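K.L.:
Based on the sequences and whatever the hints tell you, model everything.
Chains as they are written, first to last, in my numbering: chain A, 1 to 507; chain B, 1 to 122; chain C, 1 to 370.
Quick caveat, the hints were computed from the structure, so don't treat them as lab data.
All of these numbers come straight from a predicted model, not from anything done at the bench.
We treat Cβ as the ideally placed atom computed from N, Cα and C, and that holds for glycine.
Away from chain B, derived, C-beta distances all over 10 Å, residues of chain A:
| no. | residue |
| --- | --- |
| 1 | E22 |
| 2 | D39 |
| 3 | R43 |
| 4 | L149 |
| 5 | R172 |
| 6 | I177 |
| 7 | P243 |
| 8 | E248 |
| 9 | Q449 |
Partner residues aside, some chain A positions facing chain C, computed with beta carbon under 7 Å:
| no. | residue |
| --- | --- |
| 10 | S363 |
| 11 | R458 |
| 12 | Q492 |
| 13 | A494 |
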Amino acid sequence: MSLARVNAFAVDGVEARRVWVEVDIRGGLPAFTVVGLGDTAVREARERVRAAIVNSGYEFPGKRITVNLAPAYLRKVGPSFDLPMAVAVLAASGQLPPEDVARCAVVGELSLTGEVRATRGTLAIAEAAERHGLARLLLPRTRAREAALVPALDVLGVETLQEAVEVLRGDRAVAPIPEVDAATAAAEPDDVDLSDVRGHNALVPALEIVAAGGHNLFMHGPPGTGKTMIARRLPSLLPPLTPAEAIEITRVHSVAGMHGGEGLVQRRPFRAPHHTISASGLVGGGAPVHPGEVTLAHHGVLFLDELSEFSRPALEALRQPLEDGRVAIVRAQRVTVFPTRCTLVAASNPCPCGRESRACTCSAADLARHRRRLSGPLLDRIDVCIAVARPSAAAMRRLAAPSSADVRARIVAARERQVARLEGTGLTCNAQLTPRLLRELANATPAAQRRLDRVHDRSALSARGHGRILRVARTIADLADSGSVRPDHVDQAASLRLDDAALAEAA
Amino acid sequence: MASDARKTLGRRGEQFAVEHLTRRGWQVLARNHHTRFGELDIVARDGETLVFCEVKTCRAGRGEPWDNLHGAKRNQVRRMASVWLNEVRERPFFVAVRFDAVGVLVDERGHLVRLDHLEGAF
Amino acid sequence: MTLRTCDACLRRTDLLGALAARLDVEWRRRSAPSGVLSLSDDALIALDPTGAAARRHARFRPETAREQIAAAGLTATCRCSDRFPPRLLELPDPPAVLHVAGDAGALDDEAAVAVVGARRGTPYGLEVARGLGRSLSAAGATVVSGLALGVDAAAHLGALDGTGALVAVLAGGADRPYPARHRALHRRVAERGCVVSELPPGVGPHRWAFVARNRIIAGLSAMTIVVEATERSGSLTTADFAVQAGRAVGAVPGPVTSRFSAGANALIAAGAAVVRDVRDVLDVVPDAGTAAEVAAAAVGVAEPPEPELRRLLDRIERGAGTAAELAPDPEAFGRVLHGLTELELRGLVRRDFGGRYVRALGGGEGAAAR
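P.N.:
Right, here's the structure in full:
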């Protein structure tokens, strides 16, 4: 009887959990059983493992082989246990010295010919391996770059089972981590520049305000007016990614199977789900639990076009995650928490007929019905609202526009001022200001307060509406490098407000 | 000082555990019930089953909650359970008794990162 | 002063209420509504072949009717009474009984003004109706309408902002707000004036009754103004009744490209007075309000003195409503936003739901009619 044990990892939520792949080989009628709560892919591993071992030139023991994936209560999903199983079988059958697999984590799918294929969640696995005190990680070479983001880990990227065995035995040096494929890097053009937004140049300042203060945005306009194009420019205006943010995004995208293994994600995500998406698609769920769009937009932008067409349950599900910055997916046996801190951009047509205001044929009742379909509580999270119209031909011809670089410089400066002001509060931008902090830190001049009061009276603002305008005014003041909020800043913010009466109308 | 921090951490974890059980429709009968062998974290009712829950909390990144649920601890919980059954007369009738474990991972701000509930853990 | 009703009028009204459903059929058979309302009691009874109406008529007890009226919180006056508004008698078929919720004194204003229009109007129509109601009421005029969706409600809401009295005429019983959504409005109108009906309390509205009540709206008013109406809008019947009763008719013009204003525009083409604001109304009915109060309530169609604001306002009036359209380049953005808020605070523009700016007709606090 021989026994071997190999460290593997299972992705759960946005992190990885340690799994022991234990192999027991004893005399008896040949059998190959896998136990330990695996899904279909795990059970089918038997075929792949057997074929890969044989086709790689190793001996498949003709004995009674039992593979156990421990702990039993953890659900194992997917084909990433193929390679650890094969390695464990080889170790248990004496073809690989057990000490060679000690302190080494192994993940990877196997093809029938013994090729090692990529799996999801590499960064999370690498982080978990390091956390558990493992020194080495054996994994598909295409994912090596991603795993290398964890500094203390010795990354062994391999392409075949045979290579894996030889590397473990020490007979072969591990191949260097592949460079980022130049072709794939060029395929993603470095981002969209603001000057591309022909005809909407005048909207750039509004985007600047939104990006500088971290505010959410609502765009109102007929179809074909470039709302999506404008929204797509927003991630490039947000401040550059901090290393911690980049790691978080990489981890999430890797777990979702979106990341091609190119290493660190360099750009803030932009997610634009179609309005037919379900609640679980938007915030996460399912079995096994997968992250939703709002998590994939973490540290980036979530764009909801045609807000009125989204289902009510989906929009309701978004409320708490947008407020808390995280969402907890609850199952009977487990609660998984995903991060959800993102900027929300919502867009809607002004009315069902979709024509511009002069040509609009909708009655007031049609308009009211359409507005009711927008989610009031979601709109309540939005500080800035702008109307978008089809640009005139003259506007389209205008070429002068600030480049993203100029605008970004102003935004970064404004953010720095906010960070300095918010030191010690745990917050990082004006959009996060609570009512109490807003009162303490806004620093509005008495004239500005009076101006805000006038606006309040004229348009029957609620307390929340009042706060929204003040938050945005604070951002505008920061962009203008003004220590205090002045009446002019209040005016600009008032002109960008989301009307409270509108919220009362939206259900 | 360190033990105080551990205590608060433990309390947070228990709170998350209680919320989770309540969400599942369980009825929590007792929390931190003191016996001469120690404290029972949670005593609850799942239908007709009486469940003794041991809650283990730890900071994300610093190990796993189960690291401290070793044999001696399990025996302690069993002993405390029988004390509870003897002492507490005012309780509904139960068909079965079970021991569960709840592992809670918490981040540095005290927010929930993950919760695992193992039924019949020991 | 207590209101009196005579037994005969109460009996007839009870008959109308009981036959309300059957009258819908009769209405459609005859071309003129007055054909039905001018029928004698016996002729009305004859409309019911089952004889139930005849029996009811024979058993009718006036005291029971009066008790029911009081129980519903209403008062009532009949056309035989000297408290009955005299100008209603000028109609060919004045209502037998007027049931009143609120203060009947509001019916005494000889120079009341009716503001009516489509149920499904555009924001323009609602804005104008509300503005008209507001400025008329500020000038002291009594504003009359039908509590319906759209223009009627906007006119009532605007009038509530002023000091004048309000009157709403319903198709069903005066105690039943119709539509149900306007329950609160019903209460407010009754507090600031009265809600009336010719049908007994508790009766639901029927189709013939909607047209019938329009004649009462016209009959109570010195002038009927149609704010916005499609070519086939029911509010045009109110204008017809006003003409037949020899009262003034006015209409608010709308864009010739909008089918929602086609009816109102047609009235103007047929000779109705053009009503742009309260001053046009007072030109036709000087007694409706006082000029001094009007001047105070006059809405600034006045231009702002600052050239930059004037330019902004011009462009908004010409259709550019979004900040992007109004700001020629990004540098001007901040200035434009500042100007927009200034114009908004002065009541010259209004910011709609999505952030578009449109010319406004001023008014007090609170969102304009939507």
